[in-house]
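Enquirer: These protein sequence lines map, in sequence, to chains B and U.
Under this note's numbering, think of the first position of the first sequence as 1, with each following residue one higher.
Under this note's numbering, think of the first position of the second sequence as 1001, with each following residue one higher.
The hints are simulated quantities; they were obtained by calculation from the structure and are not laboratory data.
Note that the structure is predicted; figures quoted are calculated from it, not measured.
Treat the hints with care, since some could be wrong.
[Stated by the list, open to error] Taking lysine-lysine pairs in the DSS-like style, the calculated list, with each CA pair at most 25 Å apart, reads: (1) B:534 - U:1255; (2) B:206 - B:164; (3) U:1247 - U:1181; (4) U:1433 - B:119; (5) U:1297 - B:562; (6) U:1310 - B:512; (7) U:1181 - U:1310; (8) U:1310 - B:591; (9) B:635 - B:534.
The primary structure of each chain is shown beneath.
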Amino acid sequence: MGIGTFGSFTQARLAIYAAQTGITVTGNNISNINTPGYTRQRLNQVSLYTAGADRYYSEGDIRTGQGALVKSLSQIRDPYLDIRYRTLSAQTGYADGRLDVLDEIQRILDEVGAGDESKGEAGHGILGLEFKKLAAAFKDLVDQTGHQEYDNTVRQIAQNLVTKLNSYANKLEEVQNNTISKLEQNVSKVNEHLETIRALNEEIRKSEIHGDPALELRDERNLQIDELSELIDIKVIYTEEEIAAGLKVEKLSIYLDNANPDGTVTTDESLLVSGVYNAQLRLDQVPVKREIDPNDPTTLPFWDGVNQKAVATEAEATAGPDGKPMANPDYLPYETAEGKPTANLSEAKKVNDPNYSMTVSELRNKIGEIYVAINKGTVKPVSGTDMVDNGQGNQVSIADLIANSGRDSFTVETPDKPTEGDKSLMIYKRTKLPNGDYAYTQQLVTKVVSKKVQLDDNDLTGRIQAQREMLTEKGEFTDRNVIADIDENAGGKRGIPYYQRTLDLLANQFAKVMNEANQGFLTDDKGNFITAGKNTAGEEIGVAITIPVNGKDETINSDWEKNSADVQNAILAAVGLADAAAMKDAKLTGKNVLDAYLKGQTYDAGKKAFVPENKEDVLAEDGTVLEPGWGKNAKGIFVGGVLFSNNPGNDDPSKITAANISISNTWQKNHLLVCSYECPPGELEPASGASDNIRHFEYLVGDQKFEFIPTDLDGYENASGVSMLTGTFFEMWNNIGTTLGEDQSHTDTVLNASYKNLLSVDTARDSVSSVDFNDEAMNLMMYSKSYNAACRLMTTIDSVLDKLINGTGITT
Amino acid sequence: MIPRMTTVGTLKNYRYSLNNSNITMTKSMNTVLTRRLFNSYAEDPALATRCFQIRNSYWKTSSQLNVNESLRHKYDVAWESMSNMSTDLYALAEDTAYGNVIRSLSDPTGPGRTALGQSLSAKAKDLAQIMNGRYGENYVFAGADTLNAPFTWDSYKNPAYIDGTPDATNPDHVAAFPYLKADGTPTDVAGDAEQVLQKNPNYNKEFTDNATAADVDDPRYGEYLTVDGKGTTNPDIANTVPKENEKYNPTTSFKYLKSDGTGTDDENEAAKVLHYRGVRVDSNEPADVEKMEYFLKNEAKYIDVGLGHKEADGQVVSSTVFDSSLQGIYFSGGYGTKDGVEVEIEKPDGTIVRKTVDNIPNNVISMVSEMGEILQRCSSEDGRWASEDDQFRFKALVDQFEEGCSSFRERWTEMDTQSGFLRDNSELLTSTKDSLQQQYMELEDADPAAAISDFMFARYCYDAALKVGNSVLSQSLMDYMNL
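The following block holds chain B by itself, in its conformation from the complex (with noise of 0.2 Å):
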């Protein structure tokens, strides 16, 4: 259609009104340079066309364009380097997330180029120089046994390094805690973002069905979706949704990544927002467990029928008559917020799950509604002669079933459900073709209810897993079980617990050593063991353990390989062993057997352990004794005592740990260091300046190698066998900090990678979407000459016109 005689005005007027737009956008543009997700936004503009035939059609006449029309804002992005952003986002993350936490370790056990400098101690350490120390200590002890003095500096050095232990083992905990913290704001983070993002989704939808593209909003969501990236990893996918006939929206769905490397696991694809739904990530949450106490009946689950008594394990219970290992049914295994005992799992404490797993709720919009999944399948032709179920048990041909409807179509719910309280509905079709006949469809329409989802071990990944990671992961005391089930990775995964589980295991094994080398049995210069006898002055000496053998008196040696079969033979009866056979399956030595022989013990197979245990009788309150002690019949002369203990208060030194090693009670009341087992022929004491034990001190804390087996410490049994190290102690400490910074230089090194990548596909984010003020400045100087020219139009035709109107016709 051609234009009218004003149709040229309107022209000129939306030529102005294009450029006045174009304007305003680009102002919007430059305002919001320094506004954070901001997208830059275009004008989109065409040009007016208006079709169909003319009132007073005219052969000469030319179709022209009836000017240009503002047609709608859009903005510029790019969805391929916004995937690649998201995912880089959640590798960053999770570099960073475990840098922080390694930089915090850090700060606690690395000790290079620490010391104090004013006692010329610089760069030598603070921790690991104190087993220097003490091995000098010792040195200083050989040389002057015997000296109180000296003795003194041993046990103040040792006092040092335990106190030195404890603090660093503390720091490690408060480190722990303080991710734990990290992490519960971060999944309260995550969950922030998802519930924002639902609203915006929610926002942005009816802000579509109003026809206003929303960009602002959608400049905010993905903000918000950037923010999220860096927290876990995860895929975003846009599609349309129908909401009313003809009327589409765009909705967007967040899932997680597929970051589990186990193909097997489908959680890693959790749905986390769906349109105006969204789930929730959550901790889950463990009631805490009371401790087994044989005293204390209620702590103990299970029953033992014939004795009438509530017992620990299911090996000393009874079975029920369903086979089963009865219960006990006083047992309260839980424990309350105020420390009461309970059954009732409700009203027990609840602490963050140990391995801090996590589940994603079920989605549900605002309102707290359900949301349902309906999953259309492929629609399938089929034969109208087939039988299937009519819904009610009955076998109905689908020509019939849909005949029978009186419709062309039929629905039928099926019994396949994915899950409880899902519904599978099969729909049948008939379309009717030009000869008359049917063609009949099948299409399977599945409505799947939003569901809880227990994540895996590895479905996270960014920063939230980075701290979960920091907070469980062990390292080489992963439990072989997990590292075969959950993560065969686990056992090269080095959190915080591993870098405390080896601190607790160099803590537990230097207590061990010490302990044992300061406990023994006295022996004569050629290794025998002594007890004390008479001369025929009267005198009391030191003469030799004897074990009748073959009706002859035999001397014990203190290297079991020295004593000849017999004697051995003698001794394992006496301790209750049958053989060595017996002994090696037990996993002792010769060393403990003597030992227990020297104390009266006996072998207990069922405690997997000498008794009596205890050197002093356990007595009751009144007195009475509860428990014999092994010292009242002990063979040799047993000197010396537990230096390292669990507890300052206490001379236990069970369950040692880098927490809670102590100088013992005995020590830090008498000076208690073995200077030597060896007395010289008739004596019942080592000379006063004998050092051999001492000087087999230093060489335990300064050049003795020992393996560091995980399994060593209590409660890993079923860790790697496997020797971290052999090496010193000192060497083991080394050893911690050339881990740790082996760990932060990798990490560093992946987060800077990480950080460049993420930073290049910003920029390129940024070349697309980003305001530039060169741009901007062209578009002002393009839409300001626009704008001019449509004024010069405006005034053209009125010129034009006013030639026409006013001017056309005149004759003077």
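Got chain B sorted already, so can you dock chain U onto it with the hints?
Expert: Same frame as chain B, now just chain U:
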């Protein structure tokens, strides 16, 4: 596609680069301030580990050097003591023990001998005192018993003493019974003992076989004695006596022995004899010998002085440590006594008499002490020996004393060798310590010139980056628009 560099993108890149520039400058600054090339394991894990190992060796070497120095001083004290001993023992000076001995042999005057005897006894006490010298709070020559004085003059405990009533059935109590029964068990009742023919103690078989009637009254005649004490070859007329216990010792009921060998329960009456760590130096009793053997051969006080301290099967490898125990008994000549020392003396009539002397002490202090006792027993009037045995014994002691002094010199030399080792070891440890310090300093310490120039360069880069930042957004098309 040519990337579109936007204002926002440029700013982000600039911010990242500026931050990197700042980090580099801060690291350079830390290097200058700490004078270290690295300050954490993470910066260079392998190098940090190596440096700590070297520092560990440095610390260990320092500790070895400290104890080596302590031992060196101990040996200096020991050497000094040996020097004093040598002065007292054999330097040819007027006041030495050896000189006194020589004079006692050549000067027969009575008062001279007894005075010399007193002097020698005092000298023996001095020698023991020297061997009881201390370094710090430790007795140098006490072996591993460093808190107790090694040499003491204690009461002579009777080694044969039996506590309580002797038990005839106890094999250890045999010496308490004078007789033996027919079954070989001991008894103190003569009537219960086996009756045996009385043997002639002076019996000479050759003399008896060739005897004439005139010879029957000779004490050498006859294997047996009759009731009236005469010799006879006829067992039938021989007298019978209870069988004597050859192991019988009449002193078993006494705790101590006097100088003359008789027993006493009064400690004050007991002879004061030299003891080493509670063991009588001149004793040959098996229990005492066992202890002395232990002191000399098995007792050790091992110290790590940088010889590669090692243990095998829980026992120290002796070649990797230094035995710092000095046994005074070893350096003073040993313990126990020597039998069969042959000596000869010239009688006033010029005849030479030879004799074999037993129980001569091996220890020089004991020798000096006994020589002093013998000389003090000489007549104060004319200097005559108290007995011929004393004269022989004194001669045997003089002969052995010379040997003892020779042995002392050898052992002193041996100690000097050990002392020399400690001196050499001290130098070696000092040099090792310095070398280790040099090594870790080379690895850890920053070269000041390099560190400062690196810092200056980093600062220059940072300043330049700041300057660049000032002009990143200075101009754009906006600034040239003139609509």
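Enquirer: Now look at each hint and say whether the structure bears it out.
Expert: We went through each hint and held it up to the structure:
Proximity of residue 534 of chain B to residue 1255 of chain U is assessed by CA-CA distance (about 15 Å); at most 25 Å being required, the pair is judged to hold. Between residue 206 of chain B and residue 164 of chain B, the direct Cα distance comes to roughly 62 Å. Violation of the 25 Å bound is thereby established for this hinted pair. Of the supplied pair hints, the one linking residue 1247 of chain U and residue 1181 of chain U holds, its CA atoms being roughly 14 Å apart against a limit of 25 Å. Among the hinted pairs, residue 1433 of chain U with residue 119 of chain B is consistent with the structure: their alpha-carbon atoms are about 17 Å apart, no more than 25 Å.
Proposed proximity of residue 1297 of chain U and residue 562 of chain B is supported: the alpha carbons are some 21 Å apart, at most 25 Å. With a C-alpha separation of about 21 Å, the suggested pair residue 1310 of chain U and residue 512 of chain B falls inside the 25 Å cut-off, and the hint holds. For the hint pairing residue 1181 of chain U with residue 1310 of chain U, the CA-to-CA distance comes to about 60 Å; that exceeds 25 Å, so the pair is violated. A threshold of 25 Å between alpha carbons decides the hint, and for residue 1310 of chain U with residue 591 of chain B the separation of about 21 Å falls inside it, so the pair holds.
Proximity of residue 635 of chain B to residue 534 of chain B is assessed by CA-CA distance (about 16 Å); at most 25 Å being required, the pair is judged to hold.
Hints 2 and 7 from the earlier list are contradicted by this structure; the remaining hints agree with it.
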